[in-house]
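Undergrad: Starting from the known structure of chain Y, arrange chain F on it as the hints suggest.
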Amino acid sequence: MNTLLNVRDLEVEFRTYAGVVRAVRQVSFDLNAGEVLAIVGESGCGKSVTAQSIMRLIPSPPGKITGGSILFNGEEILAKTETQMQKIRGNDISVIFQDSMTSLNPVLNVRTQITEILRLHKKMNQSQADARAIELLSMVGIPEPQTRLKSYPHELSGGMRQRVLIAMSLACDPKLLIADEPTTALDVTIQAQIIEVLKNIRQELNTAIILITHDLGVVAGLADRVMVMYAGNLVEQGTVDEVLCDPLHPYTWGLLRSLPRLNMGPEDKLKPIWGQPPDLLLELDRCPFLPRCEHAMAICAQDRPPAFNGKASHTVNCWLQHPMAPPTSRPQEVG
Amino acid sequence: MLEFVVRRLLSAILAIWVVITVTFFFMHAIPGGPFQRDKVLPPAIKENIEKRYKLDDPLLVQYKDYMLNLLKGDLGPSFKYRGQTVNGIIAARFPVSLQLGLVAFAFALLVGVSVGIVAALNQGKILDYLVMSFSTLGVAIPSFILGTLLMLVLSYKLGLLPPATWGTPLHIIMPAISLGALPTAYIARLTRSSMLDVLSQDYMKTAKAKGLPRRRIVWVHAIKNAIIPVLTYSGPLLAGIITGTFVVENIFAVPGLGKHFVTSIYNRDYTVILGTTVFYSMILIGLNMLVDIAYSQFDPRIKLSARKE
Chain Y
12 MNTLLNVRDL EVEFRTYAGV VRAVRQVSFD LNAGEVLAIV GESGCGKSVT AQSIMRLIPS
72 PPGKITGGSI LFNGEEILAK TETQMQKIRG NDISVIFQDS MTSLNPVLNV RTQITEILRL
132 HKKMNQSQAD ARAIELLSMV GIPEPQTRLK SYPHELSGGM RQRVLIAMSL ACDPKLLIAD
192 EPTTALDVTI QAQIIEVLKN IRQELNTAII LITHDLGVVA GLADRVMVMY AGNLVEQGTV
252 DEVLCDPLHP YTWGLLRSLP RLNMGPEDKL KPIWGQPPDL LLELDRCPFL PRCEHAMAIC
312 AQDRPPAFNG KASHTVNCWL QHPMAPPTSR PQEVG
Chain F
24 MLEFVVRRLL SAILAIWVVI TVTFFFMHAI PGGPFQRDKV LPPAIKENIE KRYKLDDPLL
84 VQYKDYMLNL LKGDLGPSFK YRGQTVNGII AARFPVSLQL GLVAFAFALL VGVSVGIVAA
144 LNQGKILDYL VMSFSTLGVA IPSFILGTLL MLVLSYKLGL LPPATWGTPL HIIMPAISLG
204 ALPTAYIARL TRSSMLDVLS QDYMKTAKAK GLPRRRIVWV HAIKNAIIPV LTYSGPLLAG
264 IITGTFVVEN IFAVPGLGKH FVTSIYNRDY TVILGTTVFY SMILIGLNML VDIAYSQFDP
324 RIKLSARKE
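Just so you know, the protein sequences line up as chains Y and F, in that order. For the first sequence, the working numbering gives the first residue as 12, with consecutive numbering after it. For the second sequence, the working numbering gives the first residue as 24, with consecutive numbering after it.
What the hints contain is simulated information worked out from the structure, not anything from laboratory work. One or more of the hints may lead you astray.
Calculated from the model, a selection of chain F residues having no Cβ within reach of chain Y, i.e. all distances over 12 Å [said to hold, decoys possible]:
(1) Gly56
(2) Leu91
(3) Pro100
(4) Leu144
Just some of the chain F residues that point at chain Y, by a computed CB distance under 7 Å [said to hold, decoys possible]:
(5) Asp225
(6) Pro236
(7) Pro323
What you are looking at is a predicted structure, and each value in this text was computed from that prediction instead of being measured. Positions of the beta carbon are idealized from the N, C-alpha and C atoms, including for glycine.
Isolated chain F (complex conformation):
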């Protein structure tokens, strides 16, 4: 177990290094730079600015400096927002994205799994068709349409929820639903098919032949097996939800990190691009690792070992 974690950590560090390096050189390969505007700056000023941010150094030197700072945990200053560091931006904005992502994730998992199970237990009946129809809608409707619709109905027409911005728990509801709708639908389908597969297994007949009540057959014998594929999916899903908040944050004017992740690219805000990329890839890799560890707790057939068989 410990050996597994150590090995995974080492490969995670390697993966993150590759991500940084590739991002760094690709980013510099894109034409333009952080201080290039429509209005051409006088050469002397441009030179001064570039000197100040060390953009006049050879690329490899810049790379070396960036990596050394990164090792100290310093992601550098923002080129666009004067006086703000990338660490500061992430620290201020990420908790908002995280909160929104976690609520959306919990919503997707809770609703998706329970609805999927209900559908599987009522296979071929009206409830099953209902769930499957709604999940098709959930997959088909993009988050920005759903978000706008929710805003129109719940805020504008009914006046139940604040339409935008951030602050109270009520503010979280609509963006979380818009963000969670697609994964909810996907999890519902995944759970349903996985559950149907498990219900047709021989050991379900054994469980029934033992005289177990249906409640225990479903909760203990079936769900523990059926949840495994959902678990596999939930790691990348959570990472995707937390890092993919851009559109929803934009619609609901949520002050999260997603917005910076995208706008930094237009702004050629090199340090913010790199900083958010490193940060997001760490989340992604970390969550995948967590899922692998959690996996072994659910499925006894999976024993964590450092070597591949």
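Next comes chain Y alone, as it looks inside the complex:
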């Protein structure tokens, strides 16, 4: 498989009145063509910022990509001009934002919002673009696409709007689709339908997807590989089986332990991860998870953990993986 996206040591900062927030720190990962990579982690851990950096959509100021490299199809994204980026956005890389209620322009109809992408990137005329728009709308499961084309966003339900956003993002057959919490604002049945749509996309179009989510259930159903982020850092990455069934980082254990399980009795309680993530204004010269970790050791306070390889595809940034670390067994609820 050929590598579509290659991110190395990505650093993103936001300059605020309180100081410089280092939202993404030394994040590296690869994505192959047609692969689905899930990025999970709690709010504010840098998932969305990482994904938006790939499209250079970080609002600047205050945001700034301060280091690293993003190679897309072998080309350096960070070296491109704004005009060159415009040719990539919506064409080679596209995005589905999380809030379907506010991500569509309220005064333009569905037709305009979809066909403008096709006319821009594919140089189609209006009737070609209309035909393609109808095709896209039926692909994402919108009934009566001809009629819906004339609709304005306020005439559609939340699920329908999310489908329109997905149709928009697929308009130019992108090589990479970034789905930024595509189901967060929707109710559960609609969530399931949207996940189904995303599954079909990857099966039929072989589009690589970066899926940002809180929902580990969605990860298990859709993703090939998972990246767990914590406080701007990558803490664990591997295939879905490796990360969900054989997790190695105490933070991943905590995430999995806080999920409800079917075999739980009425007396069993969910175990949340206590405490707060660290302040991203601060320089972190130790393990970011240290204050919340049950397995912390002396070394964890002294130096940041490097990436340890479990298997070739499974890396963990945790000192517990050091050959000299005492053997630790993961909590029995996990795995």
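TA: Just chain F, lined up with the frame of chain Y:
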């Protein structure tokens, strides 16, 4: 749509009737009358005049007569200017006020909207501060000061424009600027804040993520949203500009209707007071209605319906 227009027309007629009735009785409640001067007229002459203009009839009869004439489109004769009818005065004077008002309005809309957009796109930069400072000046300086200043600089010092009166397109420039300065400043501020609000919306990020060039993002995605509050304001504004020309007309000696609107009150020229009031309220109500209709063309979320939800 048609149902909406019909309903709005009916309520407009009702509103105008209320305006006439209130004006009619209030006007007669003010002490004095059209033929009362410093010099007391001999009672016989006064009686004759009042008989001729039917001012000796009971008030309700006068009201009935006026309304009947109004239905025929006749606003009656002027009490002050012998031989002139109110219809004649409006027909002769209003086109001048309208012309001046329209030019001032176009100026305000054009300059206000574009300057507001430029300020919003350069938020926090020098251009933004410049626009905001000038718009503060525009709001703060009254039209008669600005008019006099313009006259002093452009006519007296530089000799570029005719200082007063009416006739050529050059005559329109200074009164139109004096009249339009305040609304220009207001529209600029309105456009700027509305534009800033729109630019921070999620759908602007969507537009950028589609790879649209900035030109299209601003012109199609942002302005169409940002212009809606300006549109709301422009109906009453246009009516206000057209009917509020009195001060400016006075400074530049423009033969418009505004002057009559005000002097008729001193003169107790009953028919002119009523006639101009009816006429102006029709303009105001009509323009508001037009804006409501235009609104639905700009904002698809607004569907005209006869009933309130």
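Undergrad: Next, verify each hint and record whether it holds.
TA: Taking the hints in turn, this is what the structure says about them:
1. Gly56: holds, 55 Å
2. Leu91: F/Leu91 is indeed farther than 12 Å from all Cβ atoms of chain Y, at 48 Å.
3. Pro100: Label holds. Min Cβ-Cβ 51 Å, cutoff 12 Å.
4. Leu144: holds, 15 Å
5. Asp225: Where the cut-off is 7 Å and the nearest Cβ of chain Y is about 4 Å from F/Asp225, the hint holds.
6. Pro236: Holds: closest Cβ of chain Y sits about 6 Å from F/Pro236, inside 7 Å.
7. Pro323: holds, 4 Å
Of the numbered hints stated above, none is contradicted by the structure.
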